[in-house]
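Asks: If you're matching positions, the sequence shown starts at 46 in this note's numbering and goes up one per residue.
Keep in mind the hints are simulated off the structure, nothing from the lab.
Remember, it's a predicted structure, so these values are computed and weren't measured experimentally.
Take the hints with a grain of salt, since some may be wrong.
What the hints assert, rightly or not - Simulated DEER-style distance windows between Cβ atoms:
#1 Glu128 to Tyr49: 46 to 52 Å
#2 Glu189 to Ile157: 36 to 42 Å
#3 Gly225 to Thr289: 15 to 21 Å
A virtual CB, placed ideally from N, CA and C, is assigned to each residue, including glycine.
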Amino acid sequence: MEIYQGIILGILQGLTEFLPVSSSGHLVLGQIYFNITEYGLVFDASVHMGTLGAVFIVYFKDIQGILKSLVYYAGTRDPSGHETNLALAAAIIIGSVPTAIIGFALKQFEDILFTSSLLVGAMLLLTGCLLWVSRRYYRVEQGEHLTISRAVIIGIVQGLAVIPGISRSGSTIATGLFTGLDRKTAARFSFLLSIPAILGAQVISLKDMIESQGHIDPATICGTIASFIVGLAALKLLLKLVNTGKFHLFAPYCWLAGILALFSNFI
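When you get a sec, could you build the whole thing from the sequences and use the hints?
Replies: So, in structure tokens, the structure goes:
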């Protein structure tokens, strides 16, 4: 992979990780376009770490509050004053369980999932439909509370979003809206829930890289930096769109990208 290709794919990752159009789907299509076959999950996981850095910056106060509450509770076993953060931590942990199970189950099909533009096209069409339907579920005021059952449902959807073409942010935020969460809560939980999922994927990729004696080259490093910078801007833009009720406006793009991906199989 050339450095300029890594940067282009990093920018693509940064834009599409947070905008609800499927980052993994666009990375697959980008790698197919550049005829890149030797990087796969290592590059994919690395640029995802770049966008994860953007999540840490935007949600730093939430993350800091959760960690402080967990440390306090571990030392005192007294949840007083920390109930909200402890409940959020529990939801993230429990929601991550189905994500991990589904992710491991789908890993054995990675050679198919990350090389098929036909699959990406079909899943992009599905993502577009989810986004379009979600427009009827926007809540400005505080909706239902983030319960364990809702966390599990959103975690299952996040696990399925391993399939390229299904937008992780789009599908999890839409599912949060479907279950009654308000816009802010749905988006907040979606991105906080992404942290253990992306970290887990990075650990797996490092293990695979060590076993195959692989290495992180300059193209991957540049791509990761690009994904962080662009991802930070894209995340702030998405949160603004979610809060103003314009989240579903990405549906036409997903449909168009899906149709083009499907059409490319017959050229």
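Asks: Looking only at beta-carbon atoms, does the pair glutamate 189, isoleucine 157 fall within the given range of 36 to 42 Å?
Replies: holds, 37 Å
Asks: Could you check the hint for me, namely that glutamate 128 and tyrosine 49 are 46 to 52 Å apart, CB to CB?
Replies: holds, 50 Å
Asks: Taking 15 to 21 Å as the stated bounds, is the beta-carbon spacing between glycine 225 and threonine 289 within them?
Replies: holds, 20 Å
Checked against the numbered hints above, the structure breaks none of them.
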